[in-house]
Amino acid sequence: MKITKVTPIFCDAVWRAFTFVKVETDEGLVGYGECTDNSSAFGVGGCVKDLEPRLIGKDPQAVEKLYREMNHRFQHNPGGIAQKAIAGIEIALWDIKAKALNVPLYELFGGPVHDKIRVYWSHCGTYRTRNPELYPDKPALKTYDDIAALGEEVAANGYTALKTNILTPGEPPHMLWSMEQNIDPGILKTIDRLMSTFRKAVGDDIDLCLDLNFNFKTDGFIQIARVVEPYNLMWLEMDIYDPVALLQVKKSTKVPICSGESLYNMKGFAPFLEKHAMDICMIDLPWNGYIESRHIAALADMYETVTAPHNYYSHLSTFMNAHFCA
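Oh and the sequence shown: position 229 is 229 in our numbering, straight run, nothing missing.
Keep in mind that the hints were calculated from the coordinates and are not lab data.
Just so you know, not all the hints are guaranteed correct.
What the hints assert, rightly or not - Think about it this way: if two alpha-carbon atoms lie no more than 30 Å apart in a straight line, the pair counts; the simulated DSS-like pairs of lysine-lysine are:
| hint | residue 1 | residue 2 |
| --- | --- | --- |
| 1 | LYS142 | LYS99 |
| 2 | LYS58 | LYS22 |
| 3 | LYS5 | LYS65 |
| 4 | LYS49 | LYS116 |
| 5 | LYS97 | LYS65 |
| 6 | LYS5 | LYS22 |
| 7 | LYS251 | LYS189 |
| 8 | LYS200 | LYS267 |
| 9 | LYS58 | LYS2 |
| 10 | LYS2 | LYS99 |
| 11 | LYS99 | LYS116 |
| 12 | LYS65 | LYS2 |
| 13 | LYS49 | LYS65 |
| 14 | LYS99 | LYS65 |
| 15 | LYS2 | LYS116 |
| 16 | LYS97 | LYS142 |
| 17 | LYS116 | LYS254 |
| 18 | LYS2 | LYS49 |
To be verified - Pairwise CB distance ranges (calculated):
| hint | residue 1 | residue 2 | range |
| --- | --- | --- | --- |
| 19 | ARG54 | PRO185 | 21 to 31 Å |
| 20 | ALA100 | ARG294 | 43 to 53 Å |
| 21 | ASP26 | GLU64 | 16 to 26 Å |
| 22 | GLU64 | GLY111 | 11 to 21 Å |
| 23 | VAL14 | HIS76 | 30 to 40 Å |
| 24 | THR160 | SER262 | 39 to 49 Å |
From the three backbone atoms N, C-alpha and C, an ideal C-beta is built for every residue, glycine too.
Whole structure, please, built from the sequences with the hints as guidance.
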């Protein structure tokens, strides 16, 4: 079997594009991967096309070899859009190999460890705030009573946990995206009321997570961690590229700290794991691919750190992550 074509595919997802990779073979088997990001779809797609000539005519089932060759091609510009392109192609190669062997993909990694995988309602309220026009049959988040109703909807749908961002109900509702990364009392009050509302709505048996992204500096993350301590969060999530700063946040609070969604490969995660700077290591499979994600998970396990997949992409990514977590 030989690779005949490698194609990036872009699909409209309203405020961004879902980015997929299609790998075709001379035997008719086709593999698909996903490497969606927020703002560089065409850059990722360009890297996919840059790699295509080096893959044409190669055996798609030699996944590890091709993965190493792709990394060698981009060794002078590792990470970023290059890493995402490699991951998307690598995932598609695994898809082909599993289809060729007629087995679920998780069998290629030694078979399933879990019979069930716990899931949570991610970005709860985020898309209804960002693009309410996409949810005409759902109540707008105009008041905190609407936030409470959303929490009740989570429980009614059988979820045992939810994750949200910093939302402020209103007409229209809005989200916090801070380029300045400054904290102020108003933001702390908003977070306090938001998490209090969700906790009262879902009770004590449903877990809460809050994702802060890159919105604050270290001191801001520390202040927020103190504010949310009464609400018994499953985790407080944040993005910091400095492992010492993240460790400072972790040491300041009893709230479990989750991070890592924007990191690449073992070298990127190692400084954080060696310092025990996070309680939950979040791995982005579409950006790292199966080979590297499994290495990262093994490294996290060595440092007694729990792992969770980062998944706010398409349904394909959801199934990819299910095989990773299995």
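Between LYS142 and LYS99, does the CA-CA distance stay at or below 30 Å?
Violated - the C-alpha atoms of LYS99 and LYS142 are around 48 Å apart, more than 30 Å.
For a C-alpha distance cap of 30 Å, please report whether LYS49 and LYS65 respect it.
19 Å, holds
Decide if the proposed pair is consistent with the structure: LYS97 and LYS65, CA atoms, cutoff 30 Å inclusive.
Holds, at roughly 13 Å.
Does LYS22 sit within 30 Å of LYS58, going by the straight-line distance between their CA atoms?
15 Å, holds
Does the hinted range 39 to 49 Å hold for THR160 and SER262 at CB?
Check failed, 26 Å falls outside 39 to 49 Å.
Using the beta carbons of ALA100 and ARG294, state whether their distance is inside 43 to 53 Å or not.
20 Å, violated
Check whether the Cα positions of LYS251 and LYS189 lie no farther apart than 30 Å.
23 Å, holds
Please work out if LYS99 and LYS116 have their alpha carbons no farther apart than 30 Å.
Roughly 23 Å separates the two Cα atoms, so the pair holds.
Holds or violated: LYS99 with LYS65, Cα cutoff 30 Å?
19 Å, holds
Are ASP26 and GLU64 spaced within 16 to 26 Å by their CB atoms?
21 Å, holds
So if I understand the rule, the pair passes when the alpha-carbon distance is 30 Å or less; does LYS65 with LYS2 pass?
14 Å, holds
Tell me if the straight-line CA distance from LYS2 to LYS99 falls inside 30 Å.
14 Å, holds
Hint compliance for this structure: hints 1, 4, 8, 15, 16, 19, 20, 24 are broken, all remaining hints hold.
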